[in-house]
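Listed in order, the protein sequences are those of chains B and D. Taking my numbering, I'd label the letters of the first sequence as residues 1 to 113. Taking my numbering, I'd label the letters of the second sequence as residues 1 to 112.
Simulated from the structure, these hints should not be mistaken for laboratory data. Yeah, the Cβ is synthetic: ideal placement off N, Cα and C, and Gly gets one too. Treat the hints with care, as some may be off.
Said to hold, decoys possible - Just so you have them, the derived chain B footprint on chain D, three or more residues with Cβ under 8 Å:
{"no.": "1", "stretch": "21–29"}
{"no.": "2", "stretch": "72–85"}
Said to hold, decoys possible - List time: in silico DSBU-like cross-link candidates among lysine-lysine, alpha-carbon distance up to 35 Å:
{"no.": "3", "chain 1": "B", "residue 1": "15", "chain 2": "D", "residue 2": "57"}
{"no.": "4", "chain 1": "B", "residue 1": "58", "chain 2": "B", "residue 2": "68"}
{"no.": "5", "chain 1": "B", "residue 1": "68", "chain 2": "D", "residue 2": "13"}
{"no.": "6", "chain 1": "D", "residue 1": "13", "chain 2": "B", "residue 2": "57"}
{"no.": "7", "chain 1": "B", "residue 1": "5", "chain 2": "D", "residue 2": "57"}
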Amino acid sequence: QQQVKQSPQSLIVQKGGISIINCAYENTAFDYFPWYQQFPGKGPALLIAIRPDVSEKKEGRFTISFNKSAKQFSLHIMDSQPGDSATYFCAAKASGGSYIPTFGRGTSLIVHP
Amino acid sequence: KAGVTQTPRYLIKTRGQQVTLSCSPISGHRSVSWYQQTPGQGLQFLFEYFSETQRNKGNFPGRFSGRQFSNSRSEMNVSTLELGDSALYLCASSPGNGNIQYFGAGTRLSVL
């Protein structure tokens, strides 16, 4: 059972464009939603994270939008750059019980110069 | 602070063999988690150790096992390797509450 569904699987955008990656979750106990960025040959690295008490969080060109009622959250990369080309994973975690996040299957982003 | 270190970076084994992977967490981190990453399945959680005890376990067969030492270093063992075990194995450490996990670069295992 896939508890976090991520789309699209792959994404190609032009430099300067907006990249949007969407995730949907099922478990209403999830209360922490991080996004990870992974470059080839490297492990995933935390990019930005949000809790459900806010609807949006922005860090530089990266923004998470969160819709609690729809159980969806998304990552927006503004002014996408070739250096943003990587695989992005969304994840969700519940504070109580297991400390292990559930990951989406990842989105391969390519930004053309 | 040094990051999470995984050794070796690459491994080639044949079916039926066993393999041991090593992970050194960030200094002071007590939680170590292991993941299997494949193109088709993404990041699949294997198990988590906290203070030398397995705290959580994913849905993998018993051929996959692990342990954690008193210095928080962790090892993962896969016995009787199968072709489908070919993957990138990632280790992640966290201080304990698991909110922020710091990943190593992984060990790329190829089973022939």
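Hint by hint, here is what the structure shows:
1. With a threshold of 8 Å between beta carbons, the proposed coverage of the stretch 21–29 of chain D by chain B is violated, since 0 of its residues qualify and at least three are required.
2. Residues of the stretch 72–85 of chain D with a Cβ under 8 Å from some Cβ of chain B number 0, which does not satisfy the need for three, so the listed coverage is violated.
3. This hinted pair does not check out: residue 15(B) and residue 57(D) have alpha carbons roughly 42 Å apart, beyond 35 Å.
4. The hinted pair formed by residue 58(B) and residue 68(B) meets the criterion: a straight-line CA distance of about 17 Å does not exceed 35 Å.
5. Between residue 68(B) and residue 13(D) the CA atoms are separated by roughly 46 Å; this puts the pair beyond 35 Å, and the hint is violated.
6. For the hint linking residue 13(D) to residue 57(B), the alpha-carbon distance of about 45 Å lies beyond 35 Å, and the restraint is violated.
7. Between residue 5(B) and residue 57(D) the alpha-carbon distance is near 21 Å, which keeps this suggested pair within the 35 Å criterion.
This entry does not satisfy hints 1, 2, 3, 5 and 6, going by the numbered hints stated previously.
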